[in-house]
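There are 2 protein chains.
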Amino acid sequence: MAETDQVAASADRLAAMNLSDSVQNHAFSDRVLILSIVGRPDGGAGLAGQRVRAGGWVKTGREQGKGTFAFLELNDGSCPANLQVIVDAGVAVLSKLVATGTCVVVDGILKVPPEGTKQRIELRVESVVHIGEVDPAKYPIPKTKLTLEFLRDHLHLRSRTNTIAAIARIRNALAFATHSFFQEHHFFYMHTPIITTSDCEGAGEMFQVTTLISEAEKLEKDLIKNPPPSESDIEAARQLVSERGSAVKQLKDAKASKADISASVVELNKVKESLSKLEERSKLKPGIPQKDGKIDYTQDFFARQAFLTVSGQLQVETYACAVSNVYTFGPTFRAEQSHTSRHLAEFWMVEPEIAFADLQDDMNCAEAYVKYMCNWLLEKCLNDMEFMAKSYDKGCIDRLRMVALTPFVRISYTEAVELLEEAVKGGKKFENSVEWGIDLASEHERYLTEVKFQKPVIVYNYPKGIKAFYMRLNDDMKTVAAMDVLVPKVGELIGGSQREERYEVIRERIMEMGLPLEPYEWYLDLRRYGTVKHCGFGLGFERMILFATGIDNIRDVIPFPRYPGRADL
Amino acid sequence: MAETDQVAASADRLAAMNLSDSVQNHAFSDRVLILSIVGRPDGGAGLAGQRVRAGGWVKTGREQGKGTFAFLELNDGSCPANLQVIVDAGVAVLSKLVATGTCVVVDGILKVPPEGTKQRIELRVESVVHIGEVDPAKYPIPKTKLTLEFLRDHLHLRSRTNTIAAIARIRNALAFATHSFFQEHHFFYMHTPIITTSDCEGAGEMFQVTTLISEAEKLEKDLIKNPPPSESDIEAARQLVSERGSAVKQLKDAKASKADISASVVELNKVKESLSKLEERSKLKPGIPQKDGKIDYTQDFFARQAFLTVSGQLQVETYACAVSNVYTFGPTFRAEQSHTSRHLAEFWMVEPEIAFADLQDDMNCAEAYVKYMCNWLLEKCLNDMEFMAKSYDKGCIDRLRMVALTPFVRISYTEAVELLEEAVKGGKKFENSVEWGIDLASEHERYLTEVKFQKPVIVYNYPKGIKAFYMRLNDDMKTVAAMDVLVPKVGELIGGSQREERYEVIRERIMEMGLPLEPYEWYLDLRRYGTVKHCGFGLGFERMILFATGIDNIRDVIPFPRYPGRADL
Chain A
1 MAETDQVAAS
11 ADRLAAMNLS
21 DSVQNHAFSD
31 RVLILSIVGR
41 PDGGAGLAGQ
51 RVRAGGWVKT
61 GREQGKGTFA
71 FLELNDGSCP
81 ANLQVIVDAG
91 VAVLSKLVAT
101 GTCVVVDGIL
111 KVPPEGTKQR
121 IELRVESVVH
131 IGEVDPAKYP
141 IPKTKLTLEF
151 LRDHLHLRSR
161 TNTIAAIARI
171 RNALAFATHS
181 FFQEHHFFYM
191 HTPIITTSDC
201 EGAGEMFQVT
211 TLISEAEKLE
221 KDLIKNPPPS
231 ESDIEAARQL
241 VSERGSAVKQ
251 LKDAKASKAD
261 ISASVVELNK
271 VKESLSKLEE
281 RSKLKPGIPQ
291 KDGKIDYTQD
301 FFARQAFLTV
311 SGQLQVETYA
321 CAVSNVYTFG
331 PTFRAEQSHT
341 SRHLAEFWMV
351 EPEIAFADLQ
361 DDMNCAEAYV
371 KYMCNWLLEK
381 CLNDMEFMAK
391 SYDKGCIDRL
401 RMVALTPFVR
411 ISYTEAVELL
421 EEAVKGGKKF
431 ENSVEWGIDL
441 ASEHERYLTE
451 VKFQKPVIVY
461 NYPKGIKAFY
471 MRLNDDMKTV
481 AAMDVLVPKV
491 GELIGGSQRE
501 ERYEVIRERI
511 MEMGLPLEPY
521 EWYLDLRRYG
531 TVKHCGFGLG
541 FERMILFATG
551 IDNIRDVIPF
561 PRYPGRADL
Chain P
1 MAETDQVAAS
11 ADRLAAMNLS
21 DSVQNHAFSD
31 RVLILSIVGR
41 PDGGAGLAGQ
51 RVRAGGWVKT
61 GREQGKGTFA
71 FLELNDGSCP
81 ANLQVIVDAG
91 VAVLSKLVAT
101 GTCVVVDGIL
111 KVPPEGTKQR
121 IELRVESVVH
131 IGEVDPAKYP
141 IPKTKLTLEF
151 LRDHLHLRSR
161 TNTIAAIARI
171 RNALAFATHS
181 FFQEHHFFYM
191 HTPIITTSDC
201 EGAGEMFQVT
211 TLISEAEKLE
221 KDLIKNPPPS
231 ESDIEAARQL
241 VSERGSAVKQ
251 LKDAKASKAD
261 ISASVVELNK
271 VKESLSKLEE
281 RSKLKPGIPQ
291 KDGKIDYTQD
301 FFARQAFLTV
311 SGQLQVETYA
321 CAVSNVYTFG
331 PTFRAEQSHT
341 SRHLAEFWMV
351 EPEIAFADLQ
361 DDMNCAEAYV
371 KYMCNWLLEK
381 CLNDMEFMAK
391 SYDKGCIDRL
401 RMVALTPFVR
411 ISYTEAVELL
421 EEAVKGGKKF
431 ENSVEWGIDL
441 ASEHERYLTE
451 VKFQKPVIVY
461 NYPKGIKAFY
471 MRLNDDMKTV
481 AAMDVLVPKV
491 GELIGGSQRE
501 ERYEVIRERI
511 MEMGLPLEPY
521 EWYLDLRRYG
531 TVKHCGFGLG
541 FERMILFATG
551 IDNIRDVIPF
561 PRYPGRADL
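Sequences listed follow chains A and P, in order.
First residue of the first sequence? That's 1 in the working numbering, and the numbers climb one at a time after it.
First residue of the second sequence? That's 1 in the working numbering, and the numbers climb one at a time after it.
Calculated from the structure, these hints are not laboratory results.
For clarity, every value in this text was computed on a predicted model and none was experimentally measured.
Mixed in with the good hints there might be a few duds.
The list makes no distinction among identical chains, and a pair is therefore deemed to hold if it is satisfied within one copy or across any two copies.
[Said to hold, decoys possible] With a Cα cut of at most 25 Å, we get these calculated DSS-like pairs of lysine-lysine:
no., residue 1, residue 2
1, 285, 225
2, 294, 225
3, 218, 291
4, 221, 283
5, 394, 455
6, 291, 277
7, 283, 294
8, 221, 291
9, 294, 221
Produce the complete structure using the sequences and hints provided.
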């Protein structure tokens, strides 16, 4: 990696570390981060002579000089660069150190290496504090180049590869950039619910959340161990109640002592209670509870059907309509049988919502946010971006720069369709037909942003027929105030809209779409009482990472991908 | 609210807004935040004479001067303070403005009010841009003092109350403080999975995530609309295949033309295909798919049983053992029938994990993190804290100051038990007995932190029998390197441990606890290959908010609480 990039990449972190001439320990551990050595502007050269404790995993190790010493390339995941470590045979058993994946902690002195080597600093080991060995014959991810597809079968170890670690650092940077952007602009972070009873916009198939199955299994086991009472058991118990009842009556009739009577009443109550327990148990039926031929959800955990959220938008609107500027950043779910490289069953979405704001404000916010993230990566993550450029996508850094610097093109859906029709006339072939009123396909979006404009494009004012009921109806009565942000490499990155704030209009739209009103009454209340013009959008967080890194498969940019047939760990 | 508090509270936000002598618009909307007017150090006085657009919801409105003008207390949720707005009858129909909850956007001039009023600035309205009316007869949350319990039945509107809005801002502040703390200390934010197939530590009852029920319901509907074929349908189809087969054979035997033979083969293939479809359909059975008397989870979405996570710890360890310092901050779930004021079915947890670090480092990190959050609230959220102190918990600000400034007491579990036994001897009554080997009850924890030490207490080295298998066994072979952070008001705020990094020891511990090894093989791999000393902890985010605000019920500190029988919205 070029030295200048190291400088830019680490400047910010170093500033935070207040690193001057001495290497500082990581706050909560006695070893130093490798970032704080090789990540310095001088590549660590200024630290020569200092005694440090370093820890990490061996990326490459080799014995040299007929076994008199070993070179280790050590990395602790704090940055892509390794620290070169030299261990003499007198200090440790070298063969235990050199296998890829070995964890070592060493104490030593930083020295300037001989001229002609690419390192600016290296660590001469005085003692080895810890070795976490690896048997290279068994290690599932040896040094050989492994495909991303292969690594998906080893989720728990793939974070030790350069690629997955770099993606993790980029993902972290984008997440913190997201929070920083919205906090700087006075948005409040809101946790919208993961478990929801609102189906809402019908954004897609939902996962059901339930305890009915486990409760049924528990009951089944219990009934096998402890079978329900038979009819004759119950009859016997009834008989006993009747006998004890008669006994009480007899004692009373005979004017027996209070003590005797109450003793006999106690007896009666005991047998009554055990009868009622038997009757209760006799009603238990194995299987999922049913009522009128349907599953009885009143017996589920939330006393109704519950699902995993597909979007926090409708819920976050309740806060926008109270504290003005909010955003949610959380997991969302789709139970769809999509086996593509662009879909996950569990993924993260960023959804801001702004009150007192319209579609223009929405587009301004979306553009500013995307640019902010690009600048953030260029300023704080350049070393990782360099790695991605070298290994996966030559153009990824230029793409970030272009998006950060270029004003986004803004065209209406109608203009977009005209441009696509022109392209077709000019000989461009699309698999999907282009016609006003039909949603743009991914190939159309990619054409607009990658070929026609070669920069980000915001398409706005879509036909109402292809958009959700909550999007604000425009005065033309044909389109709604929706907008999509399209970027090269991934196409649609953001979808948003101004929300319909007029009670009568949104009510009409719900009915027009054949949706029931009742589940939306709470949502209508936001318009019934103190309604406010507001807007918002959703950004697919993994799409942003694909855009930034140039990685092709979405399963490689989330630590634990979930998709049909797979949910490892 | 005292002016000095306003000054401290808003200084930071103002710095970010670069606010000097002119009031600045909110970045993505043409109105100004009320925070940017009344939140200034001078209470807004310096802005007199400026023309602004302000928007918000009416907290209190009243017509005055025999209906010639109206006073409105306007709030947009950006801060607890209201902006006083004065509207003349000539400008708008006053009766439409004054109802609590009305949304208004107004243009006007900021003026210094007459002497003797508590406001430092007020807005004289020149025109009303928007009114979102409220019918006070129907508004579910009128101005009268409403209980928090009542508000729980109106989740979608309760954010408009001063209390819930203040809690939302405090929650936001603590979330961003969390990210800021860990980012400053070079931790990477990791998204651990929400849907998991690892049961892991048996931390509690889990919610099941499934598509089996909805798939079964779909199938059931389909079978009613389109019944499966009868045995005679299938027999008839078989007959047809056999006939068409004979026809082909006859043509071949008769050496018919190639064209005739292939036409007849086409016919044969058609009837074969329709037979196989019928046979396929005849196998469809309504209900959840079963195999060998059990639910056939190979047909579920992930091809196995899946649950909502109870903790991201085990998964985040895979990243700690690769990139050293990580944290996860996400929703976690418990399907427990807890109807207490301290339990939710869905709540948020912060879980850092540090490699090359031991229990001491873990305690240092936990203490620094809690102190950081306290300081953050005192510096950036003091106006909201003042509101909580005034309305709910007089001592909440002093408590933050005390925790921020006081070194945490650190005592071993054994010492803690001795102190509790002494207390019992001294006459202190506990409901739960105190004895070495039994977990501390909440009352014991509260006694230690609230009565005995009156400051935060970290208890460490617990008996191994009451702690999870992954906690590192101490040399005494009786205790594990676990630690709990106890604070006044809530008791246990954090639970953590050094993790067992020794392969043989952790394997032994899993078996000792009667757990199967197979589900933990991936977890064991972290110890098998390049093992590293590491530790981590979990902080219940809602508990931290309870601690900070003094609110009693956890259902009031999360926007959308989920608990048995309730998952509104």
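Hint-by-hint comparison with the structure:
Proximity of residue 285 to residue 225 under the C-alpha cut-off of 25 Å is restricted to the intra-copy arrangement: shortest distance 14 Å within a copy versus 29 Å between copies. For the identical chains of this complex, residue 294 and residue 225 are inter-copy neighbours only, at 17 Å across copies versus 28 Å inside a copy, given an alpha-carbon limit of 25 Å. In this assembly of identical chains, residue 218 and residue 291 lie within 25 Å of each other by CA distance both inside one copy and across copies; the values are 20 Å within and 18 Å between. Proximity of residue 221 to residue 283 under the C-alpha cut-off of 25 Å is restricted to the intra-copy arrangement: shortest distance 16 Å within a copy versus 28 Å between copies.
Proximity of residue 394 and residue 455 under a CA criterion of 25 Å is satisfied intra-copy only: 17 Å inside one chain copy versus 56 Å between copies. Taking the shortest Cα distances, residue 291 and residue 277 sit within 25 Å of each other inside one copy (22 Å), while across copies they are farther apart (34 Å). In this assembly of identical chains, the alpha carbons of residue 283 and residue 294 lie at most 25 Å apart whether taken from the same copy (18 Å) or from different copies (22 Å). In the homo-oligomer, the alpha carbons of residue 221 and residue 291 lie at most 25 Å apart both inside one protomer (22 Å) and across protomers (17 Å), since each shortest distance falls under that limit.
With identical chains, the CA atoms of residue 294 and residue 221 are at most 25 Å apart both within one copy (23 Å) and between copies (12 Å).
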